[in-house]
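Protein chains in written order, with our numbering: chain A, 4 to 414; chain B, 150 to 559.
A hint or two may mislead.
To be verified - In the DSBU-like style, the derived pairs of lysine-lysine whose C-alpha atoms are separated by at most 35 Å in a straight line are:
no.	chain 1	residue 1	chain 2	residue 2
1	B	Lys270	A	Lys235
2	B	Lys277	A	Lys325
3	A	Lys281	B	Lys270
4	A	Lys235	A	Lys177
5	B	Lys269	A	Lys408
Unchecked claim - Heads up, incomplete: computed chain B residues facing chain A, CB under 10 Å, no partners named:
no.	residue
6	Thr170
7	Asn215
8	Ile221
9	Ser224
10	Ala362
11	Pro363
12	Gly418
13	Asn487
14	Arg499
Hints were generated in silico from the structure; no laboratory data involved.
Glycine residues also receive a C-beta, built at the ideal position from the N, C-alpha and C atoms.
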Amino acid sequence: MLQQLHQHTFANGLTLIGERMDHVRSATFYAMIPAGYTHEPEAQRGLAGIVAELLSRGAGSRTSMELALELDNLGADRGESPGLFNLTCYAGTLARNLPQVLELYADVLLRAHLPEDEVDPARELALQELQSLDDSPSEMVMLELKRRNYPAPINRNSYGTPESLAAITPASVKNYYSEHFRPQGAIISVAGNIDFPALVEQIGTLFGEWSGVAPAASALVSATRESGHIHKETQQVQIALAFPSAPFDSPDFYQARGAIGILSGGMSARLFTEVREKRGLCYSVSASYDSVKDHASVVCHAGTSVDRAQETLDVTMQELRKLKEGIAQDEVDRVKASLKTSLIMQQESTSSRAGSMASDWFHLGRSGTIDEIQTAIDALTPKSILEYLERYPVRDVIAVTIGPKPLVIPE
Amino acid sequence: MPFQMFKLPNGLQLIGETIPTSRSCSVGFFVRTGSRDENAGESGVSHFLEHMMFKGTPRRSALDVNRDFDRIGASYNAYTSEEHTVYYAAVLPEYLPQAIDILADILRPSLRVDDFDTEKKVILEEIKMYEDVPGSMAWENARSIYYGKHPLGNSILGTSASVAALSRDQMQAYFDRRYVSSNIIVAVAGQFEWESFVDLMGTATATWPDVYAPREGISEAHGPGGLHSVAKEGTAQQHVLVFNTCPPAESMLRYVNSVLAIALGDDSGSRLHWSLVDPGKVESASCGSDTGQGSGALVTTFSCDPAEAVANLAIVQEVLADIQKNGLSEQEIAQAKNKIASRVVRASERPMGRMRTIAGSWLYNNEYSDPDVELARFDAVNSRSIRELLDLYPLTTNTVVGYGPLADLK
Numbered sequence: 004m005l006q007q008l009h010q011h012t013f014a015n016g017l018t019l020i021g022e023r024m025d026h027v028r029s030a031t032f033y034a035m036i037p038a039g040y041t042h043e044p045e046a047q048r049g050l051a052g053i054v055a056e057l058l059s060r061g062a063g064s065r066t067s068m069e070l071a072l073e074l075d076n077l078g079a080d081r082g083e084s085p086g087l088f089n090l091t092c093y094a095g096t097l098a099r100n101l102p103q104v105l106e107l108y109a110d111v112l113l114r115a116h117l118p119e120d121e122v123d124p125a126r127e128l129a130l131q132e133l134q135s136l137d138d139s140p141s142e143m144v145m146l147e148l149k150r151r152n153y154p155a156p157i158n159r160n161s162y163g164t165p166e167s168l169a170a171i172t173p174a175s176v177k178n179y180y181s182e183h184f185r186p187q188g189a190i191i192s193v194a195g196n197i198d199f200p201a202l203v204e205q206i207g208t209l210f211g212e213w214s215g216v217a218p219a220a221s222a223l224v225s226a227t228r229e230s231g232h233i234h235k236e237t238q239q240v241q242i243a244l245a246f247p248s249a250p251f252d253s254p255d256f257y258q259a260r261g262a263i264g265i266l267s268g269g270m271s272a273r274l275f276t277e278v279r280e281k282r283g284l285c286y287s288v289s290a291s292y293d294s295v296k297d298h299a300s301v302v303c304h305a306g307t308s309v310d311r312a313q314e315t316l317d318v319t320m321q322e323l324r325k326l327k328e329g330i331a332q333d334e335v336d337r338v339k340a341s342l343k344t345s346l347i348m349q350q351e352s353t354s355s356r357a358g359s360m361a362s363d364w365f366h367l368g369r370s371g372t373i374d375e376i377q378t379a380i381d382a383l384t385p386k387s388i389l390e391y392l393e394r395y396p397v398r399d400v401i402a403v404t405i406g407p408k409p410l411v412i413p414e
Numbered sequence: 150m151p152f153q154m155f156k157l158p159n160g161l162q163l164i165g166e167t168i169p170t171s172r173s174c175s176v177g178f179f180v181r182t183g184s185r186d187e188n189a190g191e192s193g194v195s196h197f198l199e200h201m202m203f204k205g206t207p208r209r210s211a212l213d214v215n216r217d218f219d220r221i222g223a224s225y226n227a228y229t230s231e232e233h234t235v236y237y238a239a240v241l242p243e244y245l246p247q248a249i250d251i252l253a254d255i256l257r258p259s260l261r262v263d264d265f266d267t268e269k270k271v272i273l274e275e276i277k278m279y280e281d282v283p284g285s286m287a288w289e290n291a292r293s294i295y296y297g298k299h300p301l302g303n304s305i306l307g308t309s310a311s312v313a314a315l316s317r318d319q320m321q322a323y324f325d326r327r328y329v330s331s332n333i334i335v336a337v338a339g340q341f342e343w344e345s346f347v348d349l350m351g352t353a354t355a356t357w358p359d360v361y362a363p364r365e366g367i368s369e370a371h372g373p374g375g376l377h378s379v380a381k382e383g384t385a386q387q388h389v390l391v392f393n394t395c396p397p398a399e400s401m402l403r404y405v406n407s408v409l410a411i412a413l414g415d416d417s418g419s420r421l422h423w424s425l426v427d428p429g430k431v432e433s434a435s436c437g438s439d440t441g442q443g444s445g446a447l448v449t450t451f452s453c454d455p456a457e458a459v460a461n462l463a464i465v466q467e468v469l470a471d472i473q474k475n476g477l478s479e480q481e482i483a484q485a486k487n488k489i490a491s492r493v494v495r496a497s498e499r500p501m502g503r504m505r506t507i508a509g510s511w512l513y514n515n516e517y518s519d520p521d522v523e524l525a526r527f528d529a530v531n532s533r534s535i536r537e538l539l540d541l542y543p544l545t546t547n548t549v550v551g552y553g554p555l556a557d558l559k
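Bound conformation, chain A alone:
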């Protein structure tokens, strides 16, 4: 497939990557800045989220309302959100409006006002979001699993605590912005009906004066990796499991995806078939791949009523362990068909492409081409996946449950 992929790294360390898509009229950009929540001071957890919330509340010569109105009139569907390593700003719009949108975002990334009197409202929002997490047990169980599964600080989430949020001041906001909004390692990714050479020129002009290196995140502390139960009087028990898998940049990455696809890639996959279709144990059961820099896991989730929860956990663990006993060619063919469809359909969406390219660049230092990915998918066979499972067996499983009663984790 002919792809028009481009890349340019500026002298200040900012990387611009682009994919021209002739068949669309829109364009989307993603800007990833090394200001994610691994960089937060421990006593001010939630700071990255507050900064993200404040970014668009006035920048350059425009007030909060002026900036919002102008971006709305350019038809920019947009957001600013903190991730683990990076704070991401993104906007999708009509291709012809992209240059003006980028100009406004240059103000946001380089000259945000971060008004002092807006810190309290942003803090209130963060406190409310934290409070509403109590009403979302399926989200809570996954965050708690992550906290136990990975070493600090890569086990963090974007929420703070009431204490850490209370400790955030206008000074700490401005300080975080000035320290971490730096070009070295920052990525701007654009996909759509774009003119890359013109984009290089525009980005060079807009971000030419930007300089500096953000401080690195703190070193990793070892993970607790202990199972646990959180009591809550709910109708369903939430079950979450994790065990180690091959990282994103490993040669085993696609084998890992293949194994997980056999477990949970579609409705004929093992977990859905055994747990839901045959036994009717739950509505929601899944396994997915989770990668965090050099660490990766297979993560499973199921929600099931209290009296069926133990059986659900037992059957799920049984299926995970059974995988190494044999895999049929038809199963692998189905996983390959699904991966191929996703790959091709991604080409229809500027936001999918822009996001995917940014992520690839951050994790791998380059953009994977469709042909390259297709070749890796084509290499999947029952034998290759079974051999992968010997290198990455099901072991060191931890489980977190939320519900009225704890469960017994099978050995």
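Use these hints to put chain B onto chain A, whose structure you have.
This is chain B only, laid out in the frame that chain A set:
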């Protein structure tokens, strides 16, 4: 002309839009049936039936259905609403014939008793899953209070009791009554050949029965008015929903209504955003329309700390009163239209988006949704048309429902 339509001899309506630059195609079977068409004693049958459609046919077991879809790498699913049950798949172009073969086959399901009994457990789990999501329960409760006995108030999931009581034969009777050719349209969009599609569909559905399947109880709902509170222990946030009558799905006023909803409650730059979200008074606030055949509701909603709910509701009522009295500013109208224009263009870039849009337009208006015509209709909205809308559907005549820790909203 990229749009084509054809009605098969059995009454099945086919519509399609070719998009030569797309790399996939999407196909959907839209059945004009949903919770609003259920009789007493049938609550939840449309949704349960939707699940049962994937459990096998005379020539496929449940596992065969899932395997066949997965073998062609299809991205597929189904959903049930108050008015429609929809089965759809996105596939690479070379797999469209197989996708049609599977979809047309499963639309005449076997409804085997063993599968029925097992799948009932899955539905009961689904009901429990939503019971643990207060935002979802808030919506259910609020709609039930607003619509009262109007069929649009019927619950899609049903209750644990009503689903437990459903029999396989009841489901078969419902299916025979509602899943008939004249009550179904099939829409396709993307990379495909129209003539081949018509041939495939004609062959695959040759034996489908055509029986008259009218929809009853089409009328406009207005809500009881007043303040209603549903207290729920163990929830952290308070949810508040404000309903007022708005144009029904098929009305030409839907364009003006969309502009109003965006100016009132869009994520960015709206009245609700500036008055509630930006100052941190709520966790979230939005406005959207809940429309059906013959009846529509504009729903303004927010969730927040219970201690602030009453004050926030007063702010919402002030905003609604202000717009009712003074309309929207020229700036607000232009801003909403600019947002819409960008979204219409971007949504039309994926075959699935186009497929759903042309289906919706056909189901409600027997009309092709041409993007340029849509953009022109949105562009025609102005302060006069906003005033006409507000006079016909006043924002200040509303029904308020709270769901959460509070026993009342005063």
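The hints, checked one at a time:
1. B/Lys270 <-> A/Lys235: At roughly 23 Å apart (the allowed maximum being 35 Å), A/Lys235 and B/Lys270 satisfy the hint.
2. B/Lys277 <-> A/Lys325: This hinted pair holds, its Cα atoms lying about 29 Å apart.
3. A/Lys281 <-> B/Lys270: holds (11 Å)
4. A/Lys235 <-> A/Lys177: violated (39 Å)
5. B/Lys269 <-> A/Lys408: At roughly 25 Å apart (the allowed maximum being 35 Å), A/Lys408 and B/Lys269 satisfy the hint.
6. Thr170: holds (4 Å)
7. Asn215: This hint holds: B/Asn215 lies near chain A, its Cβ roughly 4 Å from the closest one there, short of 10 Å.
8. Ile221: holds (6 Å)
9. Ser224: Check passed: Cβ of B/Ser224 comes within 6 Å of chain A, closer than 10 Å.
10. Ala362: violated (29 Å)
11. Pro363: Since the shortest Cβ distance to chain A is 33 Å, the answer is violated.
12. Gly418: holds (5 Å)
13. Asn487: holds (5 Å)
14. Arg499: For B/Arg499, the interface hint holds, since the closest Cβ of chain A sits about 5 Å away, which is under 10 Å.
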